[in-house]
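**Q** With the sequences and hints as input, model every part of the structure.
4 protein chains.
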Amino acid sequence: MATFKAAYQVLADSLAERGVDISAVKKALKAQWIETPSWGYADSGTRFKVFRQTGAAHTTKEKLQDAAQVHKYTGVAPSVALHIPWDKVDDYAELSAYAASLGLKLGAINPNLFQDNDYMLGSLCSPSASIRRKALDHCLECVEIAKTVGSNNISLWLADGISSPGQDDFRDRKHRLQDTLHELYAAMPNPMRLLIEYKFFEPAFYATDLGDWASSILQAQKLGPRAMVLVDLGHHPLGTNIEQIVAFLIDEGRLGGFHFNNKKFADDDLTVGSINPYELFLIYNELVAGEQDPAVNMDVAYMIDESVNIKPKIASMIQSVVNVQEAYARALLVDRKTLKEAQASGDVVKAEETVLSAYRLDVRPLLAAVREEMGLAPDPLAAYQASGYYEKVCQERAGTAAGGYGFDGA
Amino acid sequence: MATFKAAYQVLADSLAERGVDISAVKKALKAQWIETPSWGYADSGTRFKVFRQTGAAHTTKEKLQDAAQVHKYTGVAPSVALHIPWDKVDDYAELSAYAASLGLKLGAINPNLFQDNDYMLGSLCSPSASIRRKALDHCLECVEIAKTVGSNNISLWLADGISSPGQDDFRDRKHRLQDTLHELYAAMPNPMRLLIEYKFFEPAFYATDLGDWASSILQAQKLGPRAMVLVDLGHHPLGTNIEQIVAFLIDEGRLGGFHFNNKKFADDDLTVGSINPYELFLIYNELVAGEQDPAVNMDVAYMIDESVNIKPKIASMIQSVVNVQEAYARALLVDRKTLKEAQASGDVVKAEETVLSAYRLDVRPLLAAVREEMGLAPDPLAAYQASGYYEKVCQERAGTAAGGYGFDGA
Amino acid sequence: MATFKAAYQVLADSLAERGVDISAVKKALKAQWIETPSWGYADSGTRFKVFRQTGAAHTTKEKLQDAAQVHKYTGVAPSVALHIPWDKVDDYAELSAYAASLGLKLGAINPNLFQDNDYMLGSLCSPSASIRRKALDHCLECVEIAKTVGSNNISLWLADGISSPGQDDFRDRKHRLQDTLHELYAAMPNPMRLLIEYKFFEPAFYATDLGDWASSILQAQKLGPRAMVLVDLGHHPLGTNIEQIVAFLIDEGRLGGFHFNNKKFADDDLTVGSINPYELFLIYNELVAGEQDPAVNMDVAYMIDESVNIKPKIASMIQSVVNVQEAYARALLVDRKTLKEAQASGDVVKAEETVLSAYRLDVRPLLAAVREEMGLAPDPLAAYQASGYYEKVCQERAGTAAGGYGFDGA
Amino acid sequence: MATFKAAYQVLADSLAERGVDISAVKKALKAQWIETPSWGYADSGTRFKVFRQTGAAHTTKEKLQDAAQVHKYTGVAPSVALHIPWDKVDDYAELSAYAASLGLKLGAINPNLFQDNDYMLGSLCSPSASIRRKALDHCLECVEIAKTVGSNNISLWLADGISSPGQDDFRDRKHRLQDTLHELYAAMPNPMRLLIEYKFFEPAFYATDLGDWASSILQAQKLGPRAMVLVDLGHHPLGTNIEQIVAFLIDEGRLGGFHFNNKKFADDDLTVGSINPYELFLIYNELVAGEQDPAVNMDVAYMIDESVNIKPKIASMIQSVVNVQEAYARALLVDRKTLKEAQASGDVVKAEETVLSAYRLDVRPLLAAVREEMGLAPDPLAAYQASGYYEKVCQERAGTAAGGYGFDGA
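As they're listed, the protein sequences go chains A, L, Z and C. If you use our numbering, the first sequence corresponds to residues 92 to 501, in order. If you use our numbering, the second sequence corresponds to residues 92 to 501, in order. If you use our numbering, the third sequence corresponds to residues 92 to 501, in order. If you use our numbering, the fourth sequence corresponds to residues 92 to 501, in order.
Be a bit skeptical, because a hint or two may be false.
Each pair may be met inside one copy or between any two copies, as identical chains are not told apart.
Stated by the list, open to error - Under the rule of at most 30 Å between Cα atoms (straight-line distance), these lysine-lysine pairs were calculated in the DSSO-like manner: (1) K121 with K163; (2) K152 with K196; (3) K96 with K117; (4) K225 with K117; (5) K313 with K152.
Simulated from the structure, these hints should not be mistaken for laboratory data.
**A** This is how it looks when you write it as structure tokens:
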């Protein structure tokens, strides 16, 4: 702790010397808002095995309790995304009140368009009109839930696609999607937004109906200004420059939100920042540039979407939130004036070193100081682990039958 | 049918003109042996959903019945791989006799080293000695089953790996694997073989203990001559030249077998030959070259490993067998003398055109003729679909509770 | 030859039985138009080495002479794309007349925006206004050339990008591009089209300004209806479903043309169809579906773009043209009525087999018949190789100094 | 500077508290040895363009002068790799003495097996016996040069491969390579080592004869204990876990050396650590673990291999050296005792956080302190840029004709 304070002082002095307004940086860090997903607190797995974890949440209320722990120790995770029907309840107003009692808000509503035998050949793109209707009705139900709980975001991950060449017609499917989305969008009251996710592949293995950001933004354009694109960090081909896509979406006014996680290979859903933390920083570098650009209007939902299968859920979620905080903190410390000048003059080494210089900073002391000012412990993971919560829920939830949640393969 | 015969005559005349011994080609095609997997007849899915199919097999005997259909119509699928415990029975001798009564043999035994909560951090590579022991004991049980059913192949797919940097020590895990495999190999009587599969990623998402053919062949070298490498066509990074790996394994005397399927992205487990049939042909081009090379000793288990989730299982398996037959037929028709001469003289265009020329052949008439000589219908898929078997099992198996088999995510 | 005729008869009978109007198929094949690139006849190489080939063309007129050979033997390659300044001449009208004297037209004009030291940090996106001006002026010069030679296509491959994180600002570069393209488009008279290519990476290795079809179509939308997207088959991440992108571009009315080649890894520029001929067929399957759809207006420039470095240039180009012909022929033979019905009813196996059934056809006899009706030899490659042209130019061009053309790394 | 010292004090205190022997860490950092490549100081490019830089080195002596600058400011780059014939001179003893006069040693000798028209179809694997002989003789010449200059490393990058299916026989080529390498190895006196590089693809685009570490280690095994594998960080398929390969090569006793650089897509040859610095750290994490493991014998040549085309060469090389230093420094600060305990107990979060904790450190103050103790300026890049050397050589070398060096595409 003494070390943190000394390190913070050195950092603060150095930033002051550079003319950085550290209070503005701290203010931004305190205002950060990272939504965690209800399904991140439940058991999850791969197609080969769902590993059951003692202590994992079984009900939506348990998931909210666990999410409240993440917010309690980080201070920046005040909302929780729901997935329907995994989080289906009889009374959403009551659920919303329960969340509020834990200091939480209910966030994006995620319809499930993949976990029904009817969706074998697609949902909103299915060749069957009645199945498209069913899928659309489910989405409309989610709009109603969003209204009830006061959420402004419908997160649409469309798992539709085909797995054999010839299986279905690409253009027919595109038109079916345009039609169903049109009806969905029409049912969404202002300011509710449709966040259209895309994904390179899986669960379809030959073609995905929304397989890249082109597919998503083209659909969004046809719908209207509240149709936006959602970027999941694991949903691109290897090598894709995600930070550039983020910048382009900002420029087109269509960046609606993120599903944060990390990948080494495919949609691995690993802890965000755990494979290439520099990439996460470079993404935040674009986000901060957008925030600070008066010509840009940003309205971005920052959401974590992870199914880390073999780490304890809450500890892993705290890791994720902290990794995102660090990326944001470093991005806030980029010397943008020097950067712009170096870029304009074609000084590639200086431009790169300017970005790197912020990345190389150890921002833990800064975040510790911010947390202290927020009345939190300087190290959220350590504080959570010392709290005994995990041991308590392991005991309480042992023997409970696992309920209808998460990626259960069933 | 008339068309097939006329087309065959044209093809046969053309081959005769080139000096091809068509009876030898037919003999090879009749002797082809493609093992199908018991799990290919049961429900399967992705991590998001197991789509339940009416008519899918629920018990091992049902799987064998379905496999017998594939053999009945193709004539080249006389054995079935088992997966333990999905195919666990009380009396393996009885199961073997049952298979024989259907005209089948039991083939490779596949231990399951991934579907147990204990294996969360690994099986044969686990940091826990007792879990390694458990995994090894399961493998030894499979050796006993193999002895009982007269199988000479243990197919070892090791799902072990880690999903976070730092999670475990790479070299420690490698040594644990060497030690457990050593004990396993010692328990395997001659001529039983250990087929060591490798896979780029999944279910581990940061590193896999046997992630490439280097890892597998290095382990095989330490064990002995009956330790071989198993090539699954979906287990490589995109772009990998699999036919070259096959040629190199032949050259090193370590090609033990295949798991046939196809991929567009990752381990998609699609119908073999359905994404890039030319690649499958080029692999067979190496296999035929090996078969015809007196300096080479080939002992290869040709096995299908697919979990096509949305096509009816038996029809899909017949498609797969036919695709493999076509690849083999075309490879048998490569003019190898011309090819060698073109290669030796550096005539790249001629060498390529020689290979292409065989690939461009429509070999359906040839395979129809072969089937006719084997007493089979010329078109296996059509014959199967006309047989009423599918409708029969859909009726019989409807309402049956799905049993403990397949990738059920549970 | 006798064999070809017999095989054709069998094929024709079989198609007639299916009700196929073979004369319509032949008519389409005779009308096929595949543009070859001037630079495909000159020496080319990798960054490591340009392999000098005896007989390669050194001047634009030599390139046209070689292209005329390809058209002479295939009958479907009547135009040649030019690359400026590689094909810079004093009198383009004279060049156009020379082409006409060889039976050729001059096709797409390709500006060069990468081979000048000034373009180190970009051309149309450069941070320097004067360099952007220079690049734009070069493009405007190409528009003038296109007017002179009667070409309606400007093929814009923008090599711009950055190779270090932070090097330049993504959004600034995007705006510079919008501005320069706006001026370019304004200078292009109707019906001249701007074909906007995209490429995943290379020569920039961190980000490319037009890196995917999203980037290209968004620019095209801002320009107008004659701004279209150009699809180069080697410019996508591995695994990308190109046929789906083609279908989507058709649907959006923005498919402007192709650069045909093939890849196994990156932008390998290999002979089109040489790595995955099934993929090429599936792309043509979409193109034929578009052609036959009355709701769709297709205006597509089919162009080859290859730099096969180690095969003789003309022979290799003939291989390419033939591969494209085969893909088109097979796609024309898909039973679209059956396919649509199978797709609509969700019969995945039947839909796939319908497509496969056309692909499995050996269309060489059909193409031989088409060529015969066009007064050509049945086997273009063999006829060209027997002509002595290659030996003649090897002798004539030996010792000639290689001129300023092609990918010379200089 | 004051800041650096204060920051160092905080870091040193914190490490002392943890019981770290900081003098041992500093000693290791002072002993680090990073070889830079002669070709890294000359112009280079892509296949599209070699960008000429004012001030780039034209002769081998100029390259050595520039390399001496890198060593002068970093203190850890005392040797230079040569590439023959780019660095061919009449008198290698004189060159060696010249290097010594600059405070440098001559390092690994790199034969060139790709830049000769004869190598169009391969060098050591060519179907032509006389071309194989020529390539082998060139390698033997390099062995003689190595003897003369006192170098113990022959770095063998074999660019051989094929670009068309069928072009040549995989197994024949493998045997040719075995034979030629056997003769080469026999000519190399103890303790000279053969470092066998591998590369996924390029310049061959269908198959590479040494395409992965399996191919290299299998060749090394056949040769003897001084045949080792060389790992180039840009030579793997995307997603490959390089740190695992490094660990496995250490375990097999075959890790011979590195070619450091970084990639986002393919063999991009970017500044090492510039795309994923965490990966570089994880590789060093394995190297430090090996260094500290008494059971392991490490003899690794750490070499940079970059062709950064658009950054000034010397500044870019200093960036690279510093990035490698930072990776090593952080890896030295991993708490290995805690890590091993967490791994052994299966505490995934703790194991990961232990590794991350070292990575998050800002090690610039530590390296500044080390440099100060070595008599160097704390910031090598700033010191070099302030020295005026770049401006001086830009003036001196302007107008000089560029010589026969580097990737000139010619």
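**Q** Taking the hints in turn, state whether each one holds.
**A** Do the hints match the structure? See the list:
1. K121 with K163: within (13 Å within a copy, 45 Å between copies)
2. K152 with K196: Within one copy only: 13 Å inside, 53 Å across.
3. K96 with K117: both (15 Å within a copy, 25 Å between copies)
4. K225 with K117: neither (47 Å within a copy, 45 Å between copies)
5. K313 with K152: Neither: 38 Å inside a chain and 48 Å across chains, both beyond 30 Å.
Consistency with the previously given hints fails for numbers 4 and 5, ordered from lowest to highest.
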